[in-house]
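Trainee: Those protein sequences? They're chains A and B, same order as listed.
Using the working numbering, count along the first sequence one by one with no gaps and you end on 289.
Using the working numbering, count along the second sequence one by one with no gaps and you end on 207.
Mixed in with the good hints there might be a few duds.
Stated by the list, open to error - Which residues of chain A face chain B? A few of them, derived with a C-beta cut under 7 Å, are:
no., residue
1, 16
2, 18
3, 21
4, 41
5, 42
6, 65
7, 66
8, 69
9, 81
Just so you know, these hints were derived from the structure itself, not from any lab.
No residue lacks a Cβ here, since even glycine has one placed at the ideal position from N, Cα and C.
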Amino acid sequence: MTDASADAGWFRGLDPGDEDAVRNAIEHGSADAPADWPALAVAAGFADDEDDYYDALHDATVNATREAVRERERADDQQLKYSVRAMDDADRTANELAERVAEWAGALFDDAGTGVGGAREVAAREPATAAEERVVSLATRVADLADEAADCRAFVERTAPAVAPNLSRMAGPTLAARLIALAGGLGELAKKPSGTVQVLGAEDALFAHLAGRAPSPKHGVIYTHDYVRNTRPEDRGSAARALAGKLVIAARIDHYAGDLREGIHEELDERMATIRARADP
Amino acid sequence: MSLPDGVERRPFDGHDGPWRLWDAGRSKLGATLELGLDTGLVGGESVLYLGAASGTTVSHVADFCGPTYAVEFAPRPARDLVDVAAGRPNLVPLLKDARTPETYAHVVESDIDVVVQDVATRGQARVAVRNRQFLREGGHLLAAIKARSEDVTREPAAVFEDVLDELRGAYRIVETARLDRFHDDHLAVVARPRTTD
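Only chain A is shown next, with the shape it has when bound in the complex (with noise of 0.2 Å):
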């Protein structure tokens, strides 16, 4: 090995016992070539021995990666990542259990409703028998999941406008959260194709496609968007195509720029109205 490589080993010119240097070195540092570091390092009388070095190494790389996940997983777009996943969670089990509870409470009271609304009378009943009690307590949980998803909806809505400003402009926080949540990331969905976009959330239909068995699906999850939902069946797919290319476009503004641009929204409208204009006679 030449002295160049022996250079461009992690632990060189470290003190093992500084920890930000250390984790600064495992996660920023590069080499052209791998070499026999462990014999390096002891030659270069950073570790007594081969043992001590890996010692040395395990704990330095455990510590860094362990910052560097963290870090990583902390980043807003990555909360939002969460929180919007976690309020489609919370809505859909309140809602399966708010069944169950109307199908209970039905057996138990004479006026008892259905979905979340029912169970939140029922969670207010005061409770007379041993399996009212149970009823009442199984419709309490479901108000509290209700509540549960509404905060996670409020947090999603306050975070995703700092987080991705003109695509929560242009798709609502709501579905750029979907959208972010379904490409894993903000910097992932910035490189995704604009036709990869259109389709986000509707994978079945896609390899089903793909497999030759079904035509190919013209939305996934950007069908919730006015834009598409309201343009009329036989231009919905034109009307697609166009949002899922801005929005894009919107979300590389964000993702590498981070300002809110005014023409790109002007022009989505604009190529809206033109789509739109066609079921004019």
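Take the given structure of chain A and dock chain B to it, following the hints.
Mentor: Same frame as chain A, but now just chain B:
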């Protein structure tokens, strides 16, 4: 077929004693061993594991191997990987992209005995070729190639042919086997680096 030291077949009769179940249905390397491929693993090797995910398989590897470098790109699984590594002095976790070996060549030593690769990304052959620099002469590459990561629309067999062709630029293919019994559309590849001189 030979299993590495410390790995053995057992009748599955509940779980007691100082051993852990290695599930071939969850681990592609486990399936590779189960199918009896000659992996060159006997125990005590140095290992570079690309695509360690949450560390399930790599924890087994570290338990019978020497220094084991585990590279994983995604933060969420890497969180679990770090926990698995914390209690194993010979397991070195790295949050790095296997497509860019220069970002971890300053940590991973040269002349590694075995490179295990299980990355679900397009360009799996390229990853193997780029990481060949870590392997010693006569070392082993154990790769699980996922056809769907390359192209979901093509026949897996055709995808595997292309991947193997690209691998042949840097490796000599020793053995391959479809893992379909345990993992759909996966091909296990055992290869050794081509000697340049």
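Trainee: Let me make sure I understand: some of the numbered hints might not hold for this structure. Which ones are they, in numerical order?
Mentor: 3
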